[in-house]
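Protein chains in written order, with numbering that gives the first Met the number 0: chain A, 0 to 218; chain B, 0 to 218; chain C, 0 to 218; chain D, 0 to 218.
Worth flagging that the hints you see were computed from the coordinates, not collected in a lab. Worth double-checking, as some hints may not be accurate.
For identical chains, the list gives no copy identity; a pair is met inside one copy or between any two copies.
As the list claims (entries may be wrong) - Pairs of lysine to any residue residues, derived as SDA-like cross-links and limited to a Cα-Cα distance of at most 20 Å, are as follows:
{"hint": "1", "residue 1": "K122", "residue 2": "D50"}
{"hint": "2", "residue 1": "K122", "residue 2": "G160"}
{"hint": "3", "residue 1": "K72", "residue 2": "V14"}
{"hint": "4", "residue 1": "K122", "residue 2": "F139"}
{"hint": "5", "residue 1": "K122", "residue 2": "L134"}
{"hint": "6", "residue 1": "K122", "residue 2": "Q67"}
{"hint": "7", "residue 1": "K122", "residue 2": "L64"}
{"hint": "8", "residue 1": "K122", "residue 2": "G48"}
{"hint": "9", "residue 1": "K72", "residue 2": "A56"}
{"hint": "10", "residue 1": "K72", "residue 2": "G48"}
{"hint": "11", "residue 1": "K72", "residue 2": "S41"}
{"hint": "12", "residue 1": "K122", "residue 2": "D178"}
{"hint": "13", "residue 1": "K72", "residue 2": "F139"}
{"hint": "14", "residue 1": "K72", "residue 2": "V10"}
{"hint": "15", "residue 1": "K122", "residue 2": "R49"}
{"hint": "16", "residue 1": "K73", "residue 2": "D50"}
{"hint": "17", "residue 1": "K122", "residue 2": "N141"}
{"hint": "18", "residue 1": "K122", "residue 2": "S47"}
{"hint": "19", "residue 1": "K122", "residue 2": "D144"}
Number of protein chains: 4
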Amino acid sequence: MNHTETFEQAVSGLVQAGQRIWQQGWCPATSSNFSRRLSENSCAITVSGRDKGHLQAADIMQVDLDGQPLDGKKPSAETLLHTRLYRRDAGIGAVLHTHSLKATLVSMHCGPQITFEGLELLKAFAGQSTHDTRLVIPVFDNSQDIAALAAEVERWMAAHGTGHAYLIRGHGLYTWGSDLPEALRHLEALEFLLDYYWHAVCKPAPKKNMNAMVREERQ
Amino acid sequence: MNHTETFEQAVSGLVQAGQRIWQQGWCPATSSNFSRRLSENSCAITVSGRDKGHLQAADIMQVDLDGQPLDGKKPSAETLLHTRLYRRDAGIGAVLHTHSLKATLVSMHCGPQITFEGLELLKAFAGQSTHDTRLVIPVFDNSQDIAALAAEVERWMAAHGTGHAYLIRGHGLYTWGSDLPEALRHLEALEFLLDYYWHAVCKPAPKKNMNAMVREERQ
Amino acid sequence: MNHTETFEQAVSGLVQAGQRIWQQGWCPATSSNFSRRLSENSCAITVSGRDKGHLQAADIMQVDLDGQPLDGKKPSAETLLHTRLYRRDAGIGAVLHTHSLKATLVSMHCGPQITFEGLELLKAFAGQSTHDTRLVIPVFDNSQDIAALAAEVERWMAAHGTGHAYLIRGHGLYTWGSDLPEALRHLEALEFLLDYYWHAVCKPAPKKNMNAMVREERQ
Amino acid sequence: MNHTETFEQAVSGLVQAGQRIWQQGWCPATSSNFSRRLSENSCAITVSGRDKGHLQAADIMQVDLDGQPLDGKKPSAETLLHTRLYRRDAGIGAVLHTHSLKATLVSMHCGPQITFEGLELLKAFAGQSTHDTRLVIPVFDNSQDIAALAAEVERWMAAHGTGHAYLIRGHGLYTWGSDLPEALRHLEALEFLLDYYWHAVCKPAPKKNMNAMVREERQ
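Please construct the entire structure, taking both the sequences and the accompanying hints into account.
Below, the structure written as structure tokens:
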């Protein structure tokens, strides 16, 4: 866990993580937000609306675990989804929210929960020692009411455990770890698994009427 | 808005934007063109035929809002599509035209207009505060008569408003913003949405007769 | 045309072109070869078997237009396909052979010739001023008898003209230009068009019996 | 062969190979492991759990050909799969295990062995001089019992020869060469061939009931 790291250490780690995540194409158009725990009661998190692939130190701020700014900057609207995780589990040291194409496709078209099983990369998740297991990721409906969305996440976790990740429909992925390297490892594993799931398990037929489209083109 | 920036500032911004857009693969084979407003009556725009991913200062020129060169260089044939936008809306500070595979596929095969709805990334567009909205992108037939194409765009915008972007069939995407960072944010959001649309909404069946092809291969 | 450039200029251009082509993923596993004309009777070409994405000066050699080494190094087996083009057309200053996935897929599965039409990127080819045109690319059967393959290419060009490019089935793409930047522009346009063609025109159904496969998996 | 290279040379080569493999996306989430032979009885191999795209010298260790550490570090669980290859064939100087999406898709869904034929890139494999050949890659069931998995590989090789590579179902690819550059060339060729195979030969229909999914979405 990273409870004792300084704000400066948290900033440099988040800046580098952002560059790495950006290079994968998982945070387009200033989407996504990243955070690290600073203490029992606070974390460092990206400021709203910044380019997450090219973060400056000024793009990282401090908030308490109610999501209130400690330095006068404006946090992301989704800050509460990060702080609830830190409050829920003292073992969580970093939270990453990304916005990849595959997370969006799977969350929109592959049902209310995603089950990964039988793949070696499941061993990338903390505590997993075999591929012969299943990982269930819930998909929550998207909402601009973040407090309501956070409460829905809490209800699900109260029933099923914290787990490793969740999807918000048409919005993206949340994952976390005991520290930033573990959260990044979980993120890379999940993006791989979502890509696999889209290609091999769930790829719905296009919804548009192709004959109608061809007619349109003929016009 | 960027009305007061100098030509040197405009050049360095366009060079960097080109590098970033090139790395995404959205300006192959010297396609695409990029511009920024310099004043009420002029803008900086890429010179015709240059490699947009590796621009030099000499690859950027100044034109008035009739698309006439102010420095003797040869502007892109499509300059008029940029200048009409600056003339139409004083709030537009940058225009980006790109040429991605997904923009080409969607513009050729998915009907006369594209509607994006229900996705969080719609919040990347200026003024959008919820995913629960729709964004309509018109698709105009391609033409080498740029004045006629510009007039068709004007007619559409007179009826439907300026909006955020349009596609030209088999040609690519135009988008814009109050400044270059906003235009880049809109571009990244649109490329993501076009990729999503191709994968999940509109992917026509191949048009060739596969049996015929297999016969050809057997020969 | 680049007839007068020195060997040193040719080397530095080919090294940079190789880095750029490698970054696109078009020359895996030491495949591909690149050349530039040095004079009426000679060209610079990559040495057999080198990593084309990380070329050193020593990886470039000089050959005459019969494909014979002028400096004792071992040229690529396919050198004759380059030199025949330089001999055929004094206007050709550079030849690029690449080995992308899309060129391989299209050459194997989309029939004996590929026709691109109606796309703006066709204007990337020298002399093209409109999208309202067609570009035909022949697909030749692969052979390890390069002299025989070169003769087949010659026969086709005698009947249809030199054109801009050809494919070898399961092997890759050949394209050329008056100088290296034009050849690179043609290459980028062709890779884009081949990607488009695979996605939108020709994507054959998998050939394997899926039921048989599922049975295999069940075992 | 590389029997005589020093540990320092082996380390720098493995660090660079890891950067190159990482850039291709073939070692996500600290997966994969890479090794080079040091002597008749030992090799250098990546330490368990490190980020293979950003290796430090401390992330490489020495083991004997029974897979026992020679320097007190903890080797990857799969070390035995590397050392068995070095023991089996004195001509093997490097072994690369990667974990790409395509290797996972093909190993899970395309049957018990993969046959590549008729493609020019088959000439990338040592000793191949024509595309008119076939390369068979066995797919072994995944297991956390590495000794048992190694024994199964041995049995297959005793019957069919060492070959150039094998897949482990849902786990990834193993390939090797007389030295690290040859192993990298084999890896790049195999990733290309697996990508080709997935696109053109074996792409099973999604397994989920799409009507059921659409119903889920409607809810």
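These are the hints, each one checked on the structure:
1. Taking the closest pair of Cα atoms, K122 and D50 come within 20 Å of each other only across two copies (14 Å); inside a single copy the shortest separation is 32 Å, beyond that limit.
2. In this homomeric assembly, K122 and G160 come within 20 Å of each other (Cα to Cα) only inside a single copy, at 19 Å, whereas the closest approach across copies is 31 Å.
3. In this assembly of identical chains, the alpha carbons of K72 and V14 lie at most 20 Å apart only when taken from the same copy (17 Å versus 31 Å across copies).
4. In this homomeric assembly, K122 and F139 come within 20 Å of each other (Cα to Cα) only across copies, at 18 Å, whereas the closest approach inside a single copy is 25 Å.
5. In the homo-oligomer, the alpha carbons of K122 and L134 lie at most 20 Å apart inside one protomer (10 Å), although the nearest pairing across protomers, at 31 Å, exceeds that limit.
6. Proximity of K122 and Q67 under a CA criterion of 20 Å is satisfied in neither setting, with 36 Å inside one chain copy and 23 Å between copies.
7. For the homomeric pair K122 and L64, neither the shortest alpha-carbon distance inside one copy (30 Å) nor that between copies (25 Å) is at most 20 Å.
8. Proximity of K122 and G48 under a CA criterion of 20 Å is satisfied inter-copy only: 10 Å between copies versus 34 Å inside one chain copy.
9. For the homomeric pair K72 and A56, the shortest alpha-carbon distance inside one copy (12 Å) is at most 20 Å, but the shortest distance between copies (36 Å) is not.
10. In this assembly of identical chains, K72 and G48 lie within 20 Å of each other by CA distance solely inside one copy; the values are 12 Å within and 37 Å between copies.
11. Proximity of K72 and S41 under a CA criterion of 20 Å is satisfied intra-copy only: 14 Å inside one chain copy versus 36 Å between copies.
12. Only within a single protomer do K122 and D178 lie at most 20 Å apart by alpha-carbon distance; the minimum there is 17 Å, versus 30 Å between protomers.
13. For the homomeric pair K72 and F139, neither the shortest alpha-carbon distance inside one copy (29 Å) nor that between copies (43 Å) is at most 20 Å.
14. Taking CA atoms no more than 20 Å apart as the test, K72 paired with V10 passes inside one copy only; the shortest distance there is 15 Å, against 31 Å between copies.
15. Only between protomers do K122 and R49 lie at most 20 Å apart by alpha-carbon distance; the minimum there is 14 Å, versus 33 Å within a single protomer.
16. Only within a single protomer do K73 and D50 lie at most 20 Å apart by alpha-carbon distance; the minimum there is 15 Å, versus 34 Å between protomers.
17. In this homomeric assembly, K122 and N141 come within 20 Å of each other (Cα to Cα) only across copies, at 13 Å, whereas the closest approach inside a single copy is 29 Å.
18. Taking the shortest alpha-carbon separations for K122 and S47, only the inter-copy value of 12 Å comes in at or below 20 Å, while the best intra-copy value is 33 Å.
19. In this assembly of identical chains, K122 and D144 lie within 20 Å of each other by CA distance solely across copies; the values are 14 Å between and 35 Å within a copy.
Hint violations for this structure: numbers 6, 7, 13, all remaining hints satisfied.
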